[in-house]
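Enquirer: Sequence:
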Amino acid sequence: MAAIGQIVEQTSGSDALTRARQRAALVPDCMVEARRIANTVIAGWHGRRKRGIGENFWQFRPYAEGESLSRIDWRRSARDDHTYVRDREWEAAHTVWLWADMSPSMMYRSSFAPVSKEGRALVIMLALAEILARSGERIGCPGVMDPVSSRNAAERLAAAIMHAPPTAGLPETAMIRGISDIVLIGDFLDDADRIMERIAPLARRGLRGHVVEVADPAEESFPYSGRTIFTDPETGEKLVSGRAERLQEDYRRAYFARRESLGEALRRLGWSFVAHRTDQPASQALVAVHMYLSGNPPQPAGGAR
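My numbering numbers the first residue of the sequence shown as 1 and each following residue consecutively.
There's no promise every hint is true.
Unchecked claim - Estimated spans, in silico, between C-beta atoms of each pair:
(1) E249 to I179: 38 to 48 Å
(2) R177 to S294: 21 to 31 Å
(3) L239 to S294: 25 to 35 Å
(4) R194 to P298: 23 to 33 Å
(5) W74 to T167: 52 to 62 Å
(6) N39 to E234: 33 to 43 Å
(7) E260 to S70: 25 to 35 Å
(8) R61 to D193: 34 to 44 Å
(9) Q248 to S294: 50 to 60 Å
(10) E264 to P201: 13 to 23 Å
(11) P114 to D73: 27 to 37 Å
The set of hints was computed from the structure by calculation and includes no laboratory data.
Remember, predicted model here, so these are calculated numbers, not experimental data.
C-beta atoms are modelled at their ideal positions from N, C-alpha and C, and glycine is treated no differently.
Generate coordinates for the entire structure from the input sequences, incorporating the hints supplied.
Expert: What follows is the structure in structure tokens.
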């Protein structure tokens, strides 16, 4: 029987440079895929647009008595018997912080998935950065890149990730000021209570949060049987099971209970939660997060089990 998952050895501190190089080699391909996926998703937060001070054209409307004559669009007015004013779009640049887990557990990829969890997390993050940048939003990454408002923000984020030092756990957020959105993408396999200990203070500070749990299909289905050696990619600890199939029922119950507990705790804080499998199109998670950011949450659907 072929191996179901790839074995990933723990990366020691002395091998951190090697791990960083592996991630750097992965980023360019992820950027290409991210741009392709972003092009399939409608760009722009249309619900946020309104008339005001800005550079982009918004609409023509009839001239009202008392307005400055300098605002009249004489070319448009010459087409008929009315006088029109050229309105510009109100620009409300919003800051969105994006973060993807790059810890060793994210390197896992089973034979049922086309990409690793790390690769998928990077694609979702970069595709989201691409869409937000096109909408004029400010994009930042905690501890990696300060917020920027630029059409090439996704490329700048990709370059920053390639040179960022390895990290473990949720990011430091002391640098985040004011009301912002933060999108956290990872596998979130720690105990739900421990994760919420880090996230709850962010919500109390006024951050709107969106969590994307990236899972390999094998992590949900537990398709193991016979003698199986399980290795913790974070600690290197091993668990040997003589008949792995006997663990399936208890494992799946605990796995989905953890996800349900985390999702419910996040929703109580007013945060959104999206569960995504790496054998599904990345665009599904991207659309869901984009809708939450736009204030138009997707309709709830039953989770895959």
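Enquirer: With reference to the structure, classify each hint as holding or not holding.
Expert: Structure-based check of each hint:
{"no.": "1", "hint": "E249 to I179: 38 to 48 Å", "verdict": "holds, 44 Å"}
{"no.": "2", "hint": "R177 to S294: 21 to 31 Å", "verdict": "holds, 23 Å"}
{"no.": "3", "hint": "L239 to S294: 25 to 35 Å", "verdict": "violated, 43 Å"}
{"no.": "4", "hint": "R194 to P298: 23 to 33 Å", "verdict": "holds, 28 Å"}
{"no.": "5", "hint": "W74 to T167: 52 to 62 Å", "verdict": "holds, 57 Å"}
{"no.": "6", "hint": "N39 to E234: 33 to 43 Å", "verdict": "holds, 36 Å"}
{"no.": "7", "hint": "E260 to S70: 25 to 35 Å", "verdict": "violated, 59 Å"}
{"no.": "8", "hint": "R61 to D193: 34 to 44 Å", "verdict": "violated, 54 Å"}
{"no.": "9", "hint": "Q248 to S294: 50 to 60 Å", "verdict": "violated, 39 Å"}
{"no.": "10", "hint": "E264 to P201: 13 to 23 Å", "verdict": "holds, 19 Å"}
{"no.": "11", "hint": "P114 to D73: 27 to 37 Å", "verdict": "violated, 51 Å"}
Consistency with the previously given hints fails for numbers 3, 7, 8, 9, 11, ordered from lowest to highest.
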